[in-house]
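**Q** Chain residues, written in single-letter form:
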Amino acid sequence: DIQMTQSPSTLSASVGDRITITCRASQNINRWLAWYQQKPGTLPKLLIHTASTLQSGVPSRFSGSGSGTEFTLTISSLQPDDFATYYCQQYDTEGTFGQGTKVDIK
Amino acid sequence: EVQLVESGGGLVQPGGSLRLSCAASGFSFNVYWMNWVRQVPGKGLVWVSRVSPDGTSTRRYVDSVKGRFTISRDNARNTLNLQMDSLRPEDTALYYCVRGTTNGATIFDHWGQGTLVTVSS
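As you go down the protein sequences, you meet chains A and B in turn. At position 97 of the first sequence the residue is numbered 97 (the working numbering), and the sequence of numbers has no breaks. At position 62 of the second sequence the residue is numbered 62 (the working numbering), and the sequence of numbers has no breaks.
Okay, chain A solo, but in the shape it has when bound (with noise of 0.2 Å):
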């Protein structure tokens, strides 16, 4: 089974920042991966697939790039409502999540 792994588990921000989360498979799944976020009581949100791709009515201030097994989410300027917890999700093979990465108020 492919198995993901995200870091940091957490990230203290501040509004106006650039933050980067890393997610790394345990081995290589090409650009078959995607990254959600999820504010406490919602639901999950599509914001990237195919490693890059913004998913449409997605802010470009959100970025994604890799391939193969190392993959990175960029927020460019953090606005408040992108405190969240943000996952990435491989699916070259069915779709197995990483374990999360919560971004929190500085």
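Please keep in mind that the hints were generated in silico from the structure rather than gathered at the bench. Since the structure is predicted, the reported quantities are computational estimates derived from the model, not experimental observations. All residues carry an ideal CB built from backbone N, CA and C; glycine is no exception. Take the hints with a grain of salt, since some may be wrong.
Chain A is faced by these chain B residues, among others (derived, beta-carbon under 8 Å) [what the hints assert, rightly or not]: (1) 40; (2) 44; (3) 60; (4) 105; (5) 107; (6) 108; (7) 109.
Since chain A is already given, all that's left is putting chain B on it; use the hints.
**A** Below, chain B alone, put in the same frame as chain A:
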């Protein structure tokens, strides 16, 4: 508007069974892969199962539920089901019905509100 409405959750004893259902509307149900994803409140997301649009050619499960859970769909009724047998305390979670894609990629763009399953004596 895409709508996914789950039902069937509840409290069940270890070893018991539950059948979850998901009523879909607002899209062409019979051309989409469909999934179940679960989440223990406050914890992470776990993909559980998926089924192909025709309901028969492909059914896949996470290892922890293989042999105990069965996914099915009724395209005439736009309904997705999950039969859960031999339930264990570790199956306790909020179960989401989730739309996949038309091409088989396991990407999740629409989620139901979830139905809570509690396995406890």
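**Q** Which hints, by number, does the structure contradict?
**A** Failing hint: just 1.
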